[in-house]
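Enquirer: Residue numbers (our numbering), protein chains in the order written: chain A, 573 to 883; chain E, 103 to 281.
Keep in mind that the hints were calculated from the coordinates and are not lab data.
Among the hints, a few may not be true.
If you only want the chain A side, here are some residues facing chain E, beta carbon under 7 Å, derived [stated by the list, open to error]:
1. Thr578
2. Asn582
3. Arg618
4. Gln619
5. Ile736
6. Ser739
Derived CB-CB ranges, DEER-like [unchecked claim]:
7. E:Asp150 with A:Pro583: 32 to 40 Å
8. E:Asp254 with A:Trp658: 42 to 50 Å
9. E:Asp164 with A:Leu706: 49 to 57 Å
10. E:Gly134 with A:Pro851: 56 to 64 Å
11. E:Val179 with A:Pro682: 29 to 37 Å
12. A:Gly802 with E:Met148: 35 to 43 Å
13. A:Ala808 with E:Val179: 29 to 37 Å
Listed next, the stretches of chain E that the computed footprint assigns to chain A, with coverage defined by at least 3 CB atoms under 8 Å from CB atoms of chain A [unchecked claim]:
14. 138-146
15. 191-197
16. 200-213
17. 234-245
18. 268-276
Think of the CB as a built atom: it goes at the ideal place given N, C-alpha and C, for glycine as much as any other residue.
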Amino acid sequence: MLEFVTTRDNPMIDPAMHVWGWEIPVYLFLGGWVAGSMVLAGWFMRQGRRPGDGCVCYVLPWTSLLLISLGMGALFLDLEHRLYVWRMYLTLQPASPMSWGGWILLLVYPVLALSALVSIPGDWLGRWPAVKRLGVRLREATAIRTLGHANIVTGVALGIYTGILLSSLGARPLWASAALAPLFLVSGLSTGAAFAHVIAREHGDQATLLRADNVFLAIEIVLIGLFLIGLSTASAVHANAAALLLGGPYTAVFWVFVVGLGIVLPLAIQTLMASHRIPHTLVAPVLVIAGGLALRFVIVSAGQYSHWMSP
Amino acid sequence: MARYGMVIDTRQCVGCMDCVVACKVENDVPDGHCRDWINQRLEGTMPDLRLTITSERCNHCDRPPCVSCCPTGASHVHEPGRVVLVDHGKCIGCKACLASCPYGARFIHPEGYADKCTFCIHRVEKGELPACVAVCPTHAMHFGDLDDPGSDLNRLLASRRHFILKPDAGTQPRIFYLE
């Protein structure tokens, strides 16, 4: 028999820790989406695609600016001491991925803004000669390639940090996995590719993005496998954390919404789409995007629920 | 440099909650929140039962995860004493420290910043004991410098079997419980 009584009843801590609600999963999802969009846009830019080509890589910076702003809005809403947020930018804490994240986000905006500027025709910028000159210079092939590199590097940093942010919080055994950072990055790439596939106008780009998304989804399945195997074969604490997704309270939502509807089904549909057996529809990309959101919700929620068992 | 810690005798603690009340009064802890609390753990099979009462709070760990994850440096190790404190003016209320603490020792103060036990550093720096230790009616709680080989803490730890909370979390807590 074991009976445990505590007098502690602190909000957000008891009876189980629940410090992060919808805001953080939404931010991680939107951050991942933007990260994936930046990497893909950067890849196309590196190929030498020009603004007049109608390439999706000149639409993605605009959508990314909107999405990252929404994500940062969610992040801001999550803060409890909001008026002090500027404190993030008076220091860089090397041991805190959240601190890196603050600075990475500060890099994301100018890279996205410059990438977006490339797509604005020079005639539209007549009122602002300095911006027009900058826009003209950015449309040069070398500048576009450099911007492509900047998008890829910043996008990868953004995508990876969201996973490291969680895995650095060692008190939550479910997050204590090195697979979380690549999983979040690849999930972001997959979300970005699904979205880019929907908005791309060029058939060649659509086909490329579709094949890329299938590869990302397949890698995601492998990473989820590694994530669960790694935890299940580690200490009892970590195995118990993995059990939350393997028979525990988060099992159904994880396997149905994240793996089944978010990865396996769209992968099957998109494989048929890639081989031209069925027409391109919105169903699979929407499932991929919803699956990316579900992944963040399940991992953040189950991770908070996981804890060290010893007294 | 001092390294403050606590030794709490679970055989003398009766769970009266004087420490909890003293902390709330001394530190003006808001209603519905607590910086320290009492846990009672009953184990065994009738009639061989074992009741362990522990007065718990922030463990002021030697490897504090709440300090390393803090994005602004608000959570920091205060010298002298190596006490883990929160600078309210730097805290943005991101709650990473709450998520990183395996003891659930932190909470968000209604004003928005992360809050927790300070070992009553404002009293200790005046030569007084933390409020919880000062009021303990059974003298179950002991406070002092763990780096001082002659301190009461080290004498008790050398003479009695003891344990720490969640040793497998690897945070090296500085509150020890005598069995």
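Enquirer: Any hints from earlier that this structure breaks? Give me their numbers in increasing order, please.
Expert: 3, 4, 5, 6, 17
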